[in-house]
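Protein chains in written order, with UniProt numbering: chain A, 1 to 217; chain B, 1 to 220; chain C, 1 to 239.
If you're looking for bench data, these hints aren't it; they were derived computationally from the structure.
Hints may contain errors.
Where chain A lies over chain B, by a calculated footprint (3+ residues, C-beta under 8 Å) [unchecked claim]:
#1 112 to 125
#2 164 to 176
#3 192 to 198
Listed next, the stretches of chain A that the computed footprint assigns to chain B, with coverage defined by at least 3 CB atoms under 8 Å from CB atoms of chain B [what the hints assert, rightly or not]:
#4 162 to 173
#5 197 to 208
Even for Gly, the Cβ is constructed at its ideal location relative to N, Cα and C.
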Amino acid sequence: MYFGGSFSRGDFLFLLSGAVTTLSITLVAVVIGTVLGVLFGLIRAGAPWWIGNTLGAVLDVFRSVPLLIQLVLFNSFNSMLKLNWPTFTVGCICLGIYASAFCTEIVRSGVGAVPQTTRRAARSLGLTWRQELTSITLPIATRIVFPSWIGLTLGVMKDTALVLWIGIVELLRSSQIVTSRVQEPLLILGITGLIYFVMSFPIARLGNQLEKKWGTQ
Amino acid sequence: MDYEFQWRPVLRSLPEMLWGALQTIEIAGLAMMLGTVLAIFLALAKRSGKKYLSLPADMWIETARNTPALFQIYMLYFGLGSLGLQVGSYTALLLGITFNNAGYLAETFRGGFAAVPETQTRAARSLGLGAVQTQWHIVIPQMLRAVFHAMTNQMVWSVLMSSLGVIVGLTTDLTGVTQKLNVVTYRTFEYFFVAACLYYLISKAFTLSARVVAWRLFRY
Amino acid sequence: MIAIENVHKQFGALHVLKGVDLSVQKGEVLSMIGGSGSGKSTMLMCINGLEGIQQGRITVDGVEVHAKATDLNKLRRRIGIVFQQWNAFPHLTVLENVTLAPRKVLGKSREEAEVIAVEQLSHVGLKEKLAVFPSRLSGGQQQRMAIARALAMSPDYMLFDEVTSALDPQLVGEVLDTMRMLSKEGMTMIVVTHEMRFAREVSDRVAFFREGRIHEIGSPDQIFENPQQPETAAFLKSI
Numbered sequence: 001m002y003f004g005g006s007f008s009r010g011d012f013l014f015l016l017s018g019a020v021t022t023l024s025i026t027l028v029a030v031v032i033g034t035v036l037g038v039l040f041g042l043i044r045a046g047a048p049w050w051i052g053n054t055l056g057a058v059l060d061v062f063r064s065v066p067l068l069i070q071l072v073l074f075n076s077f078n079s080m081l082k083l084n085w086p087t088f089t090v091g092c093i094c095l096g097i098y099a100s101a102f103c104t105e106i107v108r109s110g111v112g113a114v115p116q117t118t119r120r121a122a123r124s125l126g127l128t129w130r131q132e133l134t135s136i137t138l139p140i141a142t143r144i145v146f147p148s149w150i151g152l153t154l155g156v157m158k159d160t161a162l163v164l165w166i167g168i169v170e171l172l173r174s175s176q177i178v179t180s181r182v183q184e185p186l187l188i189l190g191i192t193g194l195i196y197f198v199m200s201f202p203i204a205r206l207g208n209q210l211e212k213k214w215g216t217q
Numbered sequence: 001m002d003y004e005f006q007w008r009p010v011l012r013s014l015p016e017m018l019w020g021a022l023q024t025i026e027i028a029g030l031a032m033m034l035g036t037v038l039a040i041f042l043a044l045a046k047r048s049g050k051k052y053l054s055l056p057a058d059m060w061i062e063t064a065r066n067t068p069a070l071f072q073i074y075m076l077y078f079g080l081g082s083l084g085l086q087v088g089s090y091t092a093l094l095l096g097i098t099f100n101n102a103g104y105l106a107e108t109f110r111g112g113f114a115a116v117p118e119t120q121t122r123a124a125r126s127l128g129l130g131a132v133q134t135q136w137h138i139v140i141p142q143m144l145r146a147v148f149h150a151m152t153n154q155m156v157w158s159v160l161m162s163s164l165g166v167i168v169g170l171t172t173d174l175t176g177v178t179q180k181l182n183v184v185t186y187r188t189f190e191y192f193f194v195a196a197c198l199y200y201l202i203s204k205a206f207t208l209s210a211r212v213v214a215w216r217l218f219r220y
Numbered sequence: 001m002i003a004i005e006n007v008h009k010q011f012g013a014l015h016v017l018k019g020v021d022l023s024v025q026k027g028e029v030l031s032m033i034g035g036s037g038s039g040k041s042t043m044l045m046c047i048n049g050l051e052g053i054q055q056g057r058i059t060v061d062g063v064e065v066h067a068k069a070t071d072l073n074k075l076r077r078r079i080g081i082v083f084q085q086w087n088a089f090p091h092l093t094v095l096e097n098v099t100l101a102p103r104k105v106l107g108k109s110r111e112e113a114e115v116i117a118v119e120q121l122s123h124v125g126l127k128e129k130l131a132v133f134p135s136r137l138s139g140g141q142q143q144r145m146a147i148a149r150a151l152a153m154s155p156d157y158m159l160f161d162e163v164t165s166a167l168d169p170q171l172v173g174e175v176l177d178t179m180r181m182l183s184k185e186g187m188t189m190i191v192v193t194h195e196m197r198f199a200r201e202v203s204d205r206v207a208f209f210r211e212g213r214i215h216e217i218g219s220p221d222q223i224f225e226n227p228q229q230p231e232t233a234a235f236l237k238s239i
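Construct the entire structure; sequences and hints are all you get.
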């Protein structure tokens, strides 16, 4: 490695490979977060209050402690228990659980937003609890919460930057590595920001538009 | 598991960590206040309908919302440095969170202004209240209620984001102090577990006091 | 005296007022009737300068409303207005709703303002509700509060913009009673209304609006018993 070079095509590709890592972690974490979130959310919405509230209080911890601290703790678990998981796995699982805490509340609010009368009407037609859930409540709730879910996904993508602290080379860390060679932090951070923006902004806009479109119906 | 927990050294360093927690609260609180003031200007700039005001406001808001907070702190720490403006990690962190808070709160306030019906302004003006009086006595109090919950959340975010200072080398806030102790002792889990508890308490303290304030303020 | 001369008002391409001439004397009660979109509510908003005009002149006791030099805030102290949607300030108690403008606009002390407010609220029958927030009031009570709020500025003129239209039918009576009382006390009032019986009973004159103009104006007896214009008769028949 030498210093003082100029920003090259190779550097750009290196940044892009960092972006791919960012997107991969995002994808895995969002999948974990959504699966757990739907499960927990339905429990929060439907189970007896003491189960729902206990679960809610536990998940609230993940929303009240900095993600960075959670990553460090999770990483130290990994070595304490001698699991020897790769840091990529640690990052994904930690972010996934973190995301599930937010997703749970999104799902719960969505189910809560489906009018009780609609659900009763469905049950009165003879649908079972499960049929009602899968054919009435969930489709309506999905529409209601989809914009929030998009927001969550984008939030997770931005939060992946923190995994650099446990040694994963994602987009932001890549930019630092390139900077240490090229010595033009503003240029490289600018390009990095642009890559984040390109990954985030179109989806954010789509979410806004869906919210507007579905909100007026 | 053959790991042996050692809590004693952590308890000995607790006062130091509590001082760190105080600094965390200070940074988060300052960033929230500065962010709120800036956000009001950003929201007004966006409402003004003048391109030369709304375009910079838009760029600010979209950058704050579409890039990681850590990236924003990096921009201030490394980016400004390359322009010859050396800022310390404390300043970079404070300004970074302020930048982020302002961007998110600007959107919140925009929605808040929209939540107060035009007819309220009309009724106030018809009683002879001036434009500023109307904003101050009628619109802003109602807007505050509409945005209060979102502001409480942003305050908690502000606390959580302040933990990022350690990545640009801050050693005086809660995470910074914890990391400093960790490097010396390697009791990572114990130290960070206590830090997590303290963060939880800070977050909850803000949420609960906000609830009390809301209960006192919004009785209608 | 309120004098309206050849007033034109446009919202973009929409020509709402097409030359209105009208004068209202001190102590007079004038009702404005007509179909929706006939311009009567817009006319009301122009009188206290909540809406601008494109042509013509409105003067209130010799002060031109839309002149650049006119201090509208000062003028509006003398013209009370009550809207269709009652527009209570939800974050203030009933008493605070009424004391706000006397304190902030007229510079009265809290004590002075409260004396006036209690008097006006008793007048409209809300003496028991001083410390209550508007959300706890019925629509009729909120509307009476809005009347007290306007009266607390001791205005010379009161404008009423379809104040009973948004109310449940059983609440209309109490608000009309309050207005009836005001007219007996000699308040100068301009009332946009759909309550024809009320208009007939309290008004000195009735103006029928049609397509942005006053199509016919006269005594209640003339308008309701013996309209001169076929459109007036048709309108009255249709409601």
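Now for the hints, and whether the structure bears them out:
1. Judged by the Cβ-Cβ criterion of 8 Å, the segment 112 to 125 of chain B is not covered by chain A as claimed, because only 0 of its residues qualify and three are needed.
2. Note: the segment 164 to 176 of chain B has 4 residues with beta-carbon separation from chain A under 8 Å; the three-residue rule is met and the coverage holds.
3. Counting residues of the segment 192 to 198 of chain B whose CB falls under 8 Å from any CB of chain A gives 4; the rule of at least 3 is met.
4. Counting residues of the segment 162 to 173 of chain A whose CB lies closer than 8 Å to any CB of chain B gives 4, which reaches the minimum of 3, so the coverage claim holds.
5. With a threshold of 8 Å between beta carbons, the proposed coverage of the segment 197 to 208 of chain A by chain B holds, since 4 of its residues qualify and at least three are required.
Checked against the numbered hints above, the structure breaks only hint 1 and satisfies the rest.
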